[in-house]
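Undergrad: Sequence:
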Amino acid sequence: MALTSYSTLKTSIANWLNRTDLTDEIADDFIKLTEADFNSKLRIRKMITQSSITIDSETESLPTGFLQVRNFYILSGGIKHSLRFVSPSHMDQLRGTSTSGTPEVYTILGDTFRFSPKPDSSYTGYINYYKKFDTLSVTNTSNFILTDHPAIYLYGSLYHAANFLGGIEPGQVQQWQQMYATAMERLERNDREDQFSGSPLQVRSEDTVASPFGSRYTSTVTTNS
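Counting with this note's numbering, you get residues 1070 to 1294 for the letters of the sequence shown.
Derived from the structure by calculation, the hints contain no laboratory data. Note that the structure is predicted; figures quoted are calculated from it, not measured. Mixed in with the good hints, there may be bad ones.
List time: in silico DSSO-like cross-link candidates among lysine-lysine, alpha-carbon distance up to 30 Å [as the list claims (entries may be wrong)]: (1) Lys1201 to Lys1115; (2) Lys1079 to Lys1110; (3) Lys1101 to Lys1149; (4) Lys1149 to Lys1079; (5) Lys1079 to Lys1115; (6) Lys1200 to Lys1149; (7) Lys1110 to Lys1201; (8) Lys1101 to Lys1115; (9) Lys1101 to Lys1079; (10) Lys1115 to Lys1149.
Restraint-style ranges between C-beta atoms, simulated for each label pair [said to hold, decoys possible]: (11) Lys1149 to Asp1189: 37 to 43 Å; (12) Leu1234 to Thr1123: 45 to 51 Å; (13) Ser1109 to Arg1258: 16 to 22 Å; (14) Lys1149 to Ser1076: 22 to 28 Å; (15) Leu1234 to Glu1254: 24 to 30 Å; (16) Thr1204 to Glu1254: 19 to 25 Å; (17) Thr1092 to Gln1162: 51 to 57 Å; (18) Arg1088 to Lys1201: 27 to 33 Å; (19) Leu1102 to Thr1168: 45 to 51 Å.
Glycine included, C-beta positions come from ideal geometry on N, C-alpha and C.
All chains, please: the whole structure from these sequences, using the hints.
TA: Dropping the structure here:
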């Protein structure tokens, strides 16, 4: 069966497990666990989106589906003013002596941004950030991962199902886990290759971040912690 929709994915999960007694709710749990897993690990270009944010107070809410900042700036008078990330403890030190003005730094506390200096008027900020993939449901029957990389959904769901159901041969569980990890690594590798395809090699001086799947890649991000 082709993995083309939320419904066919659940049918395939039941078929691979050779189970006829899986309810939609249980199969949905396996899918949700897989989505939470790859949203926490993947950082690819398809996840980057831009939102504008009105900055007129010391704190503002994070955008919907926010995972990590890629870059953040204020556009004022036709000039981009980059906002610099600082740790919450550093922000506390800055707030002890700062006055109001154009925000220069920000931190993340829970579900909010916190800025310093405190804005002295209303500013428009633009944030490029990694956003969670939209979850599958009866109303949202597909997304980029299911369309282009269905193995991630299938093997991730089978791995989580095996942990829940029990009684599955350990070698099979290990194989599903490895195929899940391999599918994610392949997506990351394809994303990196697409970024630099056809471009001359250049010396880069970005931070090197260890991939959760064993590979390494370069990225500059701010995490919602």
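Undergrad: Check each numbered hint from earlier against the structure, then list the numbers of those it violates in ascending order.
TA: Checked against the structure, the hints that fail are numbers 3, 4, 11 and 14, while the rest are satisfied.
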